[in-house]
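**Q** Here is what each chain is made of, one letter per residue.
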Amino acid sequence: MLNAVLRRLATAPLVLLVLVAVTFVLIHAAPGDPFVGERAADPQAVAALRKQYRLDRPLPEQFAVYVGNLVCGDFGPSLRNRGQSVGLIIADRLPTSLWLGAIALVLALGAGLSLGILGAVRAGRALDHGLAVVAIIGVSIPVFVIGPALAWTFGLWLGWLPVGQWAGFFGVSHLVLPATTLAIPFAARVARLTRAGLLDTLHLDHVRTATAKGVAPAAVVVRHALPLGLVPVIAFLGPASAGLLTGSLVVEKVFQIPGLGQEFVESAFTRDYPLVLGTVVVYGAIIILGNLLADLAVVMVDPRVRDGKSL
Amino acid sequence: MSISPWPCASPLAGRASGLRSPGMRIVALSLLLACLAAADPDAWAAKLAPPDAGWKRVTQEISYNCEGEPQTLDPGLITGAAESRLVSALFEGLTTPDPQTLAARPGMAAAWEVSADACTYTFHLRPGLVWSDGTALTADDLVRSWRRVLEPATGSEYANLLFLIRGGEDFQRGKLSWDQVGVVAPDATTLVVRLHRPCPWFLELTSFPTLMPVPTALVAKHGPDWVRAGKLIGNGPFRLAAWEPRSRVVLERNPRWHGAARVRLERLTGVPCDDPETAWRLYQQGAIHWTPAVPVGRTDEAQRHPDYYLGPMLGTYYYRFNVTRQPFDDVRVRQAFCHATDRAAIVRHVTRAGELPATGFVPPMPGHDAAPGLAYDPAAARRLLTEAGYGPQRPLPRIDLLYNTSANHKAIAEAAAAQWRRVLGADVRTRNMEFKSYLGALSRLDYTMARSSWIGDYNDPNTFLDIFRTDDGNNRTGWSDPAYDQLLDQSQAETDPLRRRTLLTRLERILVQDGCPVIPVYTYVSKGLISERLRGWYPNARDLHPFQYFWLAP
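These protein sequences, in sequence, are chains B and C. Residues in the first sequence are numbered from 1 upward in steps of one, following the numbering used here. Residues in the second sequence are numbered from 1001 upward in steps of one, following the numbering used here.
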């Protein structure tokens, strides 16, 4: 298994390189220019800026230089945020996004797992149907609707929580609404997956054996059925956690959170090429890592996969 | 708070002076100014003082929506209005705008004189000026800062503002050495600036961020990082206490500023909120005292809000033609489209926030006689189109109307397209593009018709008329008229205000009637929400709100 993990880690840089290449081509193919504005800038100054940022060089050369610097850990300068390096911007904004994402992940797992288990053990009854409706609503209402709705309700109407802004990692009241907004769609999906996974495993032989041997119903579910029932949830967690940790772009905008998501979106609009590439590299790395960890976790809990040595 | 959108015309505007020669008049005026200034350069500000000492009972801390993360706080490099607000609090130019009238008031300079030919300005700096760290600030600092803006390696996109200075442009092009440029500091408190032509708005430009002093030694030491909190030093009424990217920019009173005794505000926090909807909620909750933006779709709700304000704005919303493309290579077709545009209907039914329908390109401005332009006249529009040879036998080709993606622009474009379809039978399709792509298409002249806007840089019609000079980077229509260019030169060299006034009207007439590369649609308004308690905020045409006059009422 160690070999398999090493192999996956070894191919990761290659995957990232392809990602960088595709992004590089796409962002340079997009019409527009970082230095064209509503008000025409002084042509001499623009020429100097293009030279300074090497944008006057042929694209293959720019690409080679970028990848060379990247290997040395240098993400280059941001074009929009004059004088700031992309590395610093990422270092400043990423922890915020990760923290918010981690809280949302805990919330999503807590709520999703408990509601999923509840649905599975009460399968077919009114409670299960009710939960299904709630989950479908949670999955299908977009975050840019949930966020403002929560802000209006709990922020302006009830006046319990701030409607936005960041008050540091432990500014709890400022974290509640954004983290909840971010968690809701994931919680709903985790609930559905848990319920489905658990229903499948509740009928397996070893679970029936445990029940027949007189194990308490709660212990049957938690100890015998749940681990296998969680396999689909864990598989989903890889991309999901990557999505949560990085995918808070809408939530960041709605709640005025200084995270990386806003930079990602805005860099594309302002044609800040190094910032686009830098955020893509970071997101790419997080997604690769998330998937790898999820695959490892599946191996841990599912003896069938573990023994088959398929990874 | 409701504020009437239009300032009254200045009673002095355009009144003929008893002094005959324009040179004499300027000398007399500047002497008068110098005398007044020598007495107390800040006497004018007395009218802005709070009526009583009630403000002392409250903590003077204000937050506002600074509309997005500042690109930088380097005065020489910024290009946006949002950055300009913050920078104008951290730095101060030779002059500073009067927040009510926009007239140039003494800033770093306590007084100035203008030569008889109106080309040489001698500024006398206030004695004892210091940076916010206490080091001395001299006229040499300004010379070095202006040189920095003009050096191409700095990459200052607004460097061309300094081309007014004799030799400025040639220095930037590498054709002259710095000693040949018309800026010298004979001593620590005197700055002499020689322009290559008269410029009636020069004293307004000297309050512009691009022309503010920067601590060049610090810039050299720290590089672009000098603008961060802890490093940045300025010479303005506030200093930078903290700058947490995308979270907040915090300014605090600079006790070393020459006018610090008059600044009431202790702390000011800018929240970089680029989503007006989020800013709206923050305002409703009381987290910010002022948001200069109203979300699309909340116009009606905003107008019912007690804190809503509507102010004037020196900006024109317009459509531009690509005159190098059919059918707009024919001026009659362009005029027909102008006549077919019912601006009153657009502002009444589509924009609905109190915008003024515009047939001229220069917004209403005291001292400017607007050209009437081409008003809504369907019969004239159809006649012009027929004269141009279009009709049932030869219909107009399909026309694409380009706009940058936004619900507002879309609604306006569709209304205008429907009017042109109804009046002229034109087949106009609206097409949207993401902002940068749209700007690219404009600069490459890769469009047929496009929406545009222009916000004036200073309170003079020239800022609107100069951009349609042949080959100006902002022209972007392909339109070129040698007579217009020549008239522009003439108006810029003219020192007699009355003659200049006539020239400016003639220029505008060419632009919106005879040559017609644009269809003016409406004059912008500034709008937003502002707390009843925030005082010292005045409406003015440039939407400038210097923080040093703010205070919080109990």
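Among these hints, one or two may not hold up.
Listed below are several chain B residues computed to face chain C (Cβ distance under 10 Å; list not exhaustive) [stated by the list, open to error]: (1) Pro34; (2) Ala47; (3) Arg80; (4) Gln84; (5) Lys253; (6) Val254; (7) Gln256; (8) Asp295.
Straight-line alpha carbon distances no greater than 30 Å define the calculated DSSO-like cross-link-like pairs of lysine-lysine that follow [unchecked claim]: (9) C:Lys1056 with B:Lys51; (10) C:Lys1231 with B:Lys51; (11) C:Lys1047 with B:Lys51.
Read the hints as simulated data drawn from the structure, not as lab findings. On a predicted model such as this, the values are computed, not experimentally measured, just so you know. The C-beta atom is built at its ideal place from N, Cα and C for all residues, glycine as well.
**Q** Quick check: which numbered hints come out false for this structure?
**A** 8, 9 and 11
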